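Novice: Listed here are the chains, written in short residue letters.
There are 2 protein chains.
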Amino acid sequence: MKPVLYLIPSPLSDVPVTGVLPSDCLDRVRNLTYFVVEELRTARRYLSRAGLSVATLHFSELNEHTRDEELYPLLEPLRKGYSMGLISEAGLPAVADPGAGLVALAHKEGFPVEPMPGPSSLMMALMASGLNGQQFAFNGYLPVKPEARRRRIKELEKRSGAEGQTQLFIETPYRNGALMNDLLDTCMESTRITLAIDLTSPGSFICTLTVEEWKKNKPDFEVKWHKKPCVFILQA
Amino acid sequence: MKPVLYLIPSPLSDVPVTGVLPSDCLDRVRNLTYFVVEELRTARRYLSRAGLSVATLHFSELNEHTRDEELYPLLEPLRKGYSMGLISEAGLPAVADPGAGLVALAHKEGFPVEPMPGPSSLMMALMASGLNGQQFAFNGYLPVKPEARRRRIKELEKRSGAEGQTQLFIETPYRNGALMNDLLDTCMESTRITLAIDLTSPGSFICTLTVEEWKKNKPDFEVKWHKKPCVFILQA
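Line by line, the protein sequences give chains V and B. Going by the numbering used here, the first sequence opens with residue 63, and the numbers climb by one from there. Going by the numbering used here, the second sequence opens with residue 63, and the numbers climb by one from there.
One or more of the hints may lead you astray.
As the list makes no split between identical chains, a pair holds if one copy fits it or if it spans any two.
With a straight-line cut-off of 30 Å between C-alpha atoms, the simulated DSS-like cross-links for lysine-lysine are [claimed, not checked]:
hint	residue 1	residue 2
1	220	207
2	290	207
3	207	289
4	220	64
Keep in mind the hints are simulated off the structure, nothing from the lab. Quick caveat, the model's predicted, so the values are computed rather than measured.
Just chain V, same shape as in the assembly (with noise of 0.2 Å):
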């Protein structure tokens, strides 16, 4: 049997890996000894937990900033004839995070890649929104400079009314509250906009209001939120 890629979900919050993974699907990463991993310490920590003895695991970095020509050599394992495994941060690889390019390189080379069920905050924020989910987009972050924000937000508004397409996206977590309130300032009243925060840990939170609502509910993101990750969606 060829070796195969596996592409594994990560915890979202500091939950047991049993809310993480199905239990078949963490057998196949107990078997596993090669690894490509956004960050060492949180994937060390996440496979440690999921039994791992780490000592023993081969580990190679892939992030943001790992350049095409740089994707080659994390293959190799592969090559070699075993089985690996790729994990982002947080969530799945290579939705909002690094890795498709890694990916592509395996298809290209024609080894298996099986990707794993598991956490997307993405659509886990979708599903109990109580959005429409027949038509959605993410968009990634919006811009930083406030001008280009703006109409980028009345933009990702204007196209959510005309085609119903509901509209995901996130930001930095220190930079949550200040996107609240550019959206609460630039939306129509009746704009459907929902938070989801930190999901999956105990204390998290998701909710759906109108713009009108959420001026009269300001979530507070100075202290009860501060710099947990946030999905922003938004209806119009």
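Starting from the known structure of chain V, arrange chain B on it as the hints suggest.
Specialist: Just chain B, lined up with the frame of chain V:
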């Protein structure tokens, strides 16, 4: 503690439940008695395999024909103090499947909504595609009429090229071959197309090629992949 509406992912193919949900989530499902499900037969089989005594469970149905005014009674268990589960036919409830209206109603009545991690054919296809997962859109079904369908394919290809937004869509399985032919007739030779067929099943197939390459390696939707579910992804 308030009763909770759990959003429970379901299998994409005929696999053991230990390959679908994390064991902590399975434990929580086993404590439930009330379920709203898209399809009674498949939900019963799924829950039975998960170790529940289905004869003692209470089921209500929610599908694409359920009208908004029929949602209210479905949440009656929550109002009586019982947590309940929402299950769609395959994958995540309320994402490319019915359920969003029920989730919105639960929010409105102040009941916590808790999404569980699990298989999403869209995300598993995207992460394994090797295409851009930093920005993407799910477009549901394309139009059935030939003219409108080709126009839509052109639009999606154009948007992918202009905005760098990867485009996902699905088709009723018996029409997968016709859609693939339309894609090959309509798209530029350099456009990349991923087919993710029958995900999580032992015979699953994930492949990304350019239109030019696909024309020389046509997928066999007539026999081999006949009526198998397929996620299509396009990147210009």
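Novice: Taking the hints in turn, state whether each one holds.
Specialist: Comparing the hints with the structure gives:
Taking the shortest Cα distances, residue 220 and residue 207 sit within 30 Å of each other both inside one copy (20 Å) and across copies (27 Å). Taking the shortest alpha-carbon separations for residue 290 and residue 207, only the intra-copy value of 22 Å comes in at or below 30 Å, while the best inter-copy value is 46 Å. In this homomeric assembly, residue 207 and residue 289 come within 30 Å of each other (Cα to Cα) only inside a single copy, at 20 Å, whereas the closest approach across copies is 48 Å. For the identical chains of this complex, residue 220 and residue 64 are neighbours neither inside a copy (48 Å) nor across copies (37 Å), given an alpha-carbon limit of 30 Å.
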